[in-house]
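Construct the complete structure from the given sequences, taking the supplied hints into account.
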Amino acid sequence: MLRSLLQRGAVTTNRVILRSICSTSMANSRFEYVKSYEHADILQKNCWIVVRIDGKGFHKFCDVHNFLKPNDERGLNLMNLAAVHVLQEFNEIVLAYGQSDEYSFIFRRDTSVYNRRRDKLISYVGSLFTSAYIFNWRTIFQDTLELKYPPVFDSRAVLYPTDQNLRDYMSWRQADVHINNLYNTSFWNLVASGLTNAEAEERLRGTLSSDKNEILFKEFNINYNNVPVMFRKGTTLMRKKVKLTNDKKLSLIVPIFEDMIDDAFWTRHSEILSGKSDSADCYELGDTKEHVLIRYQIEKHNKRRPGAEVSL
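So for the sequence shown, full-length UniProt numbering puts the first residue at 1; every next one is plus one.
FYI, nobody ran anything at the bench for these hints, they're computed from the structure.
It cannot be assumed that every hint is accurate.
[What the hints assert, rightly or not] Mimicking BS3-like on lysine-lysine, the simulated pairs with C-alpha atoms at most 27 Å apart in a straight line are:
#  : residue 1 : residue 2
1  : K120      : K56
2  : K276      : K241
3  : K233      : K276
4  : K248      : K218
5  : K240      : K148
6  : K218      : K249
7  : K241      : K303
8  : K289      : K248
9  : K212      : K243
10 : K240      : K303
11 : K300      : K69
12 : K289      : K276
13 : K60       : K233
14 : K289      : K249
[Said to hold, decoys possible] Listed next, with one range per pair, are the computed distances between beta-carbon atoms:
#  : residue 1 : residue 2 : range
15 : N115      : S36       : 14 to 24 Å
16 : D287      : N180      : 18 to 28 Å
17 : R268      : Q88       : 41 to 51 Å
18 : S270      : L312      : 38 to 48 Å
19 : N115      : E202      : 51 to 61 Å
20 : D163      : A192      : 36 to 46 Å
21 : H301      : E214      : 39 to 49 Å
22 : N180      : F135      : 26 to 36 Å
23 : D163      : D287      : 26 to 36 Å
24 : A40       : E201      : 41 to 51 Å
Note that the Cβ used here is the ideal one computed from N, Cα and C, for glycine as well.
Here is the structure:
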């Protein structure tokens, strides 16, 4: 009797499982038609892909967190560190450029990552950058500043078919840095001197770059050329091989503060457009050896490889 009941129970259980499987299969078949509404926006081949992220409502974000004006080196380096995380995730990125609350990531023109799907690229880069920004907040600010609410970044993808188009894009973004930083440096020094925001705006209305330089020099004893180069030119990130103390080499994402509008930049870093780099060459870090981005990468490398620590 007991065996009979157990057998019946087993049969009943199997029937329930089978019915459940069949029902699920039929439900999937019935509803999966909605996938036909998805549209894969494939980005044109043989074009440079630029994914640019921009902070949303960052004027308020900077005010709430008391960022220094006109530039907060800590805030800019947090942006740079978030960008390093993106480059570490995507080998297809040959160059990244950041200034203020924006960052541009340049994907190789022949990249096939995510089959060049626009939605995948912009969502992945945007979400990774945002999460890295939040994740590294305490790395930069330590315990000196609490993150009071999460930042938001939007993301877009733009195609540039020629090398010259790409160069012009980078020149446009760097020219934007100069224009904005010169204005902001003049504006906030005028405000610090006692002018209201409205009065400072009126004072700068219609002024040329030469006028702003004169205001800074004559009224505040500031030579604009001596303003930190990161503020004036933005930050370029590239992978470079650097020499270690034991003569070994290590690939790092290094910050570069150079004029991208000039031809010399593209000659010095010819691998951007050619896709070929001389493996024998090592990049000289110079003053950036102690930069927070370099220290961060060395520390992470040493933590991953205990007993095989490296130093510069």
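Hint check results:
A threshold of 27 Å between alpha carbons decides the hint, and for K120 with K56 the separation of about 20 Å falls inside it, so the pair holds. Between K276 and K241 the alpha-carbon distance is near 13 Å, which keeps this suggested pair within the 27 Å criterion. Between K233 and K276 the CA atoms are separated by roughly 26 Å; this keeps the pair inside 27 Å, and the hint holds. A hinted pair counts as satisfied when its Cα atoms are at most 27 Å apart, and K248 with K218 does not qualify at roughly 50 Å.
Taking the CA atoms of K240 and K148, the gap is about 36 Å. The hint is violated against a cut of 27 Å. Straight-line distance between C-alpha atoms of K218 and K249 comes to about 48 Å, which puts the hinted pair past the 27 Å bound. At most 27 Å may separate the alpha-carbon atoms for a hinted pair to count; K241 and K303 meet this at roughly 20 Å. Of the supplied pair hints, the one linking K289 and K248 holds, its CA atoms being roughly 16 Å apart against a limit of 27 Å.
Our distance criterion of 27 Å between C-alpha atoms is broken by K212 and K243, whose separation comes to about 42 Å. A distance of roughly 21 Å separates the Cα atoms of K240 and K303; the hinted pair therefore holds under the 27 Å criterion. Annotation: proposed proximity of K300 to K69 is violated, straight-line Cα distance about 31 Å (limit 27 Å). This hinted pair checks out: K289 and K276 have alpha carbons roughly 25 Å apart, not beyond 27 Å.
At most 27 Å may separate the alpha-carbon atoms for a hinted pair to count; K60 and K233 meet this at roughly 24 Å. For the proposed pair K289 and K249, the alpha carbon gap of about 14 Å is at most 27 Å, so the pair holds. With their beta carbons about 18 Å apart, N115 and S36 fall inside the hinted range of 14 to 24 Å. Against the hinted window of 18 to 28 Å, the Cβ-Cβ separation of D287 and N180 comes to about 24 Å, which satisfies the hint.
For the pair R268 and Q88, the beta carbons lie near 23 Å from each other, so the given range of 41 to 51 Å is not met. Separated by about 25 Å at the C-beta atoms, S270 and L312 break the suggested range of 38 to 48 Å. At roughly 53 Å, the beta carbons of N115 and E202 sit within the given window of 51 to 61 Å. Distance hint check: the CB atoms of D163 and A192 are about 43 Å apart, consistent with the given range 36 to 46 Å.
In this structure the hint that H301 and E214 lie 39 to 49 Å apart at CB holds, the actual value being about 47 Å. Taking the beta carbon of each, N180 and F135 are about 28 Å apart, inside 26 to 36 Å as hinted. Between D163 and D287 the beta carbons are some 30 Å apart, a value that agrees with the proposed interval 26 to 36 Å. Restraint check, A40 to E201: a C-beta distance of roughly 47 Å satisfies the suggested window 41 to 51 Å.
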